[in-house]
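Undergrad: Listed below, chain by chain, are the residues.
Protein chains: 2
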Amino acid sequence: MNAKEKLKSANQSEKYICVGLDTNPKKLPSHLSSSKNPVLEFNKRIIESTKDLAAAYKLNLAFYESEGVKGLQNLEETLTFIPEKVLTIADGKRGDIGNTSNLYARSVFEHFNFDSTTLNPLMGFDSLEPFIDYKNKLNFILVLTSNPGSANFQKQELKNGNYLYQEVLKKIHNWNNDKNCGIVFGATNISELRDNLELIGELPMLIPGVGAQGGSVDDVCTTIFNSNNNSFLINSSRGIIHKSLGEDFEKAARDELIFLNKSISQLIKV
Amino acid sequence: MNAKEKLKSANQSEKYICVGLDTNPKKLPSHLSSSKNPVLEFNKRIIESTKDLAAAYKLNLAFYESEGVKGLQNLEETLTFIPEKVLTIADGKRGDIGNTSNLYARSVFEHFNFDSTTLNPLMGFDSLEPFIDYKNKLNFILVLTSNPGSANFQKQELKNGNYLYQEVLKKIHNWNNDKNCGIVFGATNISELRDNLELIGELPMLIPGVGAQGGSVDDVCTTIFNSNNNSFLINSSRGIIHKSLGEDFEKAARDELIFLNKSISQLIKV
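If you read the sequences in order, they're chains A and B. Here the first sequence is numbered in the numbering used here, starting from -1 and rising by one per residue. Here the second sequence is numbered in the numbering used here, starting from -1 and rising by one per residue.
Just chain A, same shape as in the assembly (with noise of 0.2 Å):
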């Protein structure tokens, strides 16, 4: 299976939830203190204990990059902990020139073997290209992000009209030769995403934002709901593998992510 054909695979097994591993190694529950290695046992059982449920596994790079050497090391090995037929998100959020986006591209898509990666489009089309050849990988392309400088930049108004975001949405939809791309769409920009639900189409959504930043599963479905989108992951990072910080952690977040599929399949089947 290429990337979007895991992504629609868990969507029609009603899994939506794409959890992020955002493994901070000081705040992890006590009790694997005495582990070798404590952030790779939390992403092990983390894994364990979630994969069957999982749409989706975003690892954020800067968690692991800030680590150094180790750090590399713990993402080769979680990768490993991850079935096959769930996607694999490497959030970089990287866009640079040419030549330098093609190292980028290589280490996410080749030497990781990530099935998707998140990308920053400012320095325009060329700094996406060494993605987007990559056919059967999946770019998630920053469109409307769920931070509050979301305002400073993608939500000015252009002189031909557009939000710039709206500009990127539409940029986007031509550089979509492989249908390769899909978009980040905050859920805290609820408004936005209604109004431009016609102009996103069937570009797969990576929705981040719920929980700890303020958006919420519930409008999110409900918008969604009235589209012809049928291809999304809301992602959950510290929502589920924070959700306990005891004992019980791996079980807290396995029923979390039972809550929140089932409260997504009801809301978008209604």
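These are computed hints drawn from the structure, not numbers from a lab. A couple of the hints might just be wrong.
The list treats identical chains as one, so a pair stands whether inside a single copy or across any two.
[To be verified] Below 35 Å or equal to it, Euclidean Cα-Cα: the simulated DSBU-like pairs (lysine-lysine) are:
| hint | residue 1 | residue 2 |
| --- | --- | --- |
| 1 | Lys249 | Lys168 |
| 2 | Lys24 | Lys169 |
| 3 | Lys34 | Lys153 |
| 4 | Lys68 | Lys83 |
| 5 | Lys24 | Lys133 |
| 6 | Lys260 | Lys24 |
| 7 | Lys133 | Lys25 |
| 8 | Lys133 | Lys153 |
| 9 | Lys153 | Lys168 |
| 10 | Lys177 | Lys24 |
| 11 | Lys168 | Lys267 |
| 12 | Lys168 | Lys68 |
Note that the coordinates shown come from a computational prediction; the quantities given were computed from them, not determined experimentally.
Once you've looked at the hints, dock chain B against the given chain A.
TA: Relative to chain A, chain B alone:
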């Protein structure tokens, strides 16, 4: 010396070139292939041969990350070859939601102890704040990049009359309370550079895009000469480190740097 002082001191000593250590393991002089670690040997010799002439060294993180664990080790070790008084730049173009940018900032400014970094402003202020909070570091924020794709979004005209890159430039001034922000402005955009010198003001500039990308050192210098800006770096990566791919590569790099520093001194002193 803090980062900005290092840059000022370099410029005062008529050093203007940022040497881009975009070291590609597949493009090294063949006589280094017998070395235990050709990338590291190459960087060491380039630095040894240019350290009294370079205003800064820019390490393009993609080139190191894409080599995995070994690449990160090379990155760390390369930094130890660079004299304390020479500015170091982590070229990663990061920018993410706050808690993630925190980790990236800690990684480049604490773990690796770079003096400065490049940043992507698309996600707005809170995505850059964790970097800007390091008062003694220097943050080169992408304003107008040197690649063709800069036309896609950065050169979009806004309803308020600014181009997007000008809006970024204006916001940077608002964010620059600790005078630790600079800008990236591509040498391929000379007319825009000329038209915005007043708006740029005294912001330190990192100027990529000369050489292989088509920008001209002469054009940049004659343009800057007419401004109040006296704190800038012209980046050259392949133009210096690949000036020769033979056994004389260190000497060729040194000669090119001498040539560039002299040319620039003459151009901006006329």
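Undergrad: Each hint should be assessed against the structure and marked as holding or not.
TA: Checked hints:
1. Lys249 with Lys168: So Lys249 and Lys168 fail the 35 Å test inside a copy (42 Å) and across (49 Å) alike.
2. Lys24 with Lys169: between (40 Å within a copy, 34 Å between copies)
3. Lys34 with Lys153: The answer is neither: 46 Å in one copy and 51 Å across copies each exceed 35 Å.
4. Lys68 with Lys83: Answer is both: 27 Å inside a copy and 29 Å across each meet the 35 Å cutoff.
5. Lys24 with Lys133: between (38 Å within a copy, 25 Å between copies)
6. Lys260 with Lys24: Classified as within: same-chain Cα gap 32 Å, cross-chain 50 Å, threshold 35 Å.
7. Lys133 with Lys25: Between copies, since 27 Å is at most 35 Å while 37 Å is not.
8. Lys133 with Lys153: Answer is both: 30 Å inside a copy and 29 Å across each meet the 35 Å cutoff.
9. Lys153 with Lys168: both (15 Å within a copy, 16 Å between copies)
10. Lys177 with Lys24: between (39 Å within a copy, 32 Å between copies)
11. Lys168 with Lys267: within (29 Å within a copy, 47 Å between copies)
12. Lys168 with Lys68: Neither, since 40 Å and 40 Å both go past 35 Å.
Of the hints listed earlier, those the structure fails to meet are numbers 1, 3, 12, in rising order.
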